[in-house]
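K.L.:
Listed here are the chains, written in short residue letters.
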Amino acid sequence: MKKQSVFRLALTATAPVMAGYVVLGIGFGLLLRTRGYGPLWALAMSTVIYAGSMQFLAIDLITGGAGLLTAALTTLLVNARHLLYGLSMTGAYRGAGRYRPYLIYALSDETYSLVCHPPKELAEEDKPRYYFLVTLLDQASWVLGSVLGGALGDVLRFNTEGLDFALTALFITVVTDQWLSTKDHAAALTGFLATLLCRLVFGAQSFLLPAMLLIVLGLLLLRRRKGAET
Amino acid sequence: MSHAAQIILVCGLVTAFLRFLPFAAFSRRETPPVVAYLSRVLPAATMAMLVVYCLRQVSFASPVTWLPELIASAVTVLSYVWRRSTILSIVGGTVCYMLLVQLVF
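If you read the sequences in order, they're chains F and E. As numbered in the working numbering, residues 17 to 246 make up the first sequence, in order. As numbered in the working numbering, residues 725 to 829 make up the second sequence, in order.
Okay, chain F solo, but in the shape it has when bound:
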């Protein structure tokens, strides 16, 4: 297959993701700017972290003066799902050669949803290049959006009070989506109730760490009770 047509396939498949990443990236850059960190910080975070929800949370961690241990554990739990993506892509990425390190480093949620179902007309030998283009176009859109948002924040002057609800809304849509896509709500309920309990017991400042421990504990107990069928 010609290089151009591989590019066209990649672009067609990932265009919706790119549009979403630019819009959400702008929101991220704007929010970061309102907390006093300009477009260069947005660039740094979108390159070094490159995980949407974690970057939004990192704004809170930075401005709230969180400790490094809290930051590490929060990232561990919030991004644990990436283990799952990696596990399912070990086979597909085995033959990816020089693209492989980049493909793994930049395997975001939406990129995963595309690379785990490559188009049928794609030849086997073109797959690594296709994976690479999809991954690169996605990250480029996210970086572009977040830098643009940071720059816009300098130019646009409007009342941003309440803009931080974007993060809440992001997680609410994810929870709603997961809730609608499964009948087994045990994990979601464990997360919700354990965190609510810790918020009431420990107060609004320091409940995240105990909540994370309680969630992992609860999930392990749940697994034992169900019998280790999974």
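Because the hints were derived from the structure by calculation, they are not lab data. Glycine included, C-beta positions come from ideal geometry on N, C-alpha and C. Among these hints, one or two may not hold up.
Label pairs and their calculated CB-CB ranges [stated by the list, open to error]: (1) E/Arg752 with F/Asp170: 46 to 54 Å; (2) E/Val758 with F/His201: 19 to 27 Å; (3) E/Thr755 with F/Thr50: 38 to 46 Å; (4) F/His201 with E/Ala748: 27 to 35 Å; (5) F/Lys18 with E/Arg752: 29 to 37 Å; (6) F/Lys19 with E/Ser783: 55 to 63 Å; (7) E/Glu754 with F/Gly111: 18 to 26 Å; (8) E/Ala785 with F/Gly107: 49 to 57 Å; (9) F/Thr198 with E/Arg807: 33 to 41 Å; (10) F/Ser21 with E/Val758: 25 to 33 Å; (11) E/Ser786 with F/Pro135: 52 to 60 Å; (12) F/Phe174 with E/Val758: 47 to 55 Å.
The hints should help you fit chain E onto chain F, whose structure is shown.
P.N.:
Using the frame of chain F, we list chain E on its own:
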């Protein structure tokens, strides 16, 4: 290094660790069942945790400190059930919240 840069570096390193670990550890051998189980159930639990985390400042002292959050959250959920569009629900819920806290309450 500033506190902000340290946080970014830690978040980046842990994220990369999680992305590279399966390729480094389980390319050739079986995944331990408990790892497969946790990576399957943690996403739902953690996202629910983060919703509570984001709404941690909510208190029931006066309607001003919970009603905007409740309305904007409902708008986010209902619009998502209706259109299944992440962007629409995030923008809709956020604009709704901004209007409520800036103009109404």
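K.L.:
All hints are to be evaluated individually against the structure, with a verdict given for each.
P.N.:
Evaluation of the provided hints:
1. E/Arg752 with F/Asp170: 46 to 54 Å: holds, 50 Å
2. E/Val758 with F/His201: 19 to 27 Å: Given about 21 Å between the Cβ atoms, the range holds.
3. E/Thr755 with F/Thr50: 38 to 46 Å: holds, 42 Å
4. F/His201 with E/Ala748: 27 to 35 Å: At 33 Å between Cβs, range holds.
5. F/Lys18 with E/Arg752: 29 to 37 Å: At roughly 35 Å between Cβ atoms, E/Arg752 and F/Lys18 fall inside 29 to 37 Å, so the hint holds.
6. F/Lys19 with E/Ser783: 55 to 63 Å: holds, 58 Å
7. E/Glu754 with F/Gly111: 18 to 26 Å: holds, 21 Å
8. E/Ala785 with F/Gly107: 49 to 57 Å: With a Cβ separation near 55 Å, E/Ala785 and F/Gly107 satisfy 49 to 57 Å, so the hint holds.
9. F/Thr198 with E/Arg807: 33 to 41 Å: violated, 20 Å
10. F/Ser21 with E/Val758: 25 to 33 Å: violated, 44 Å
11. E/Ser786 with F/Pro135: 52 to 60 Å: Distance hint for E/Ser786, F/Pro135 holds at roughly 55 Å.
12. F/Phe174 with E/Val758: 47 to 55 Å: Hint holds: Cβ distance 49 Å, inside 47 to 55 Å.
Checked against the numbered hints listed earlier, the structure breaks hints 9 and 10; every other hint is satisfied.
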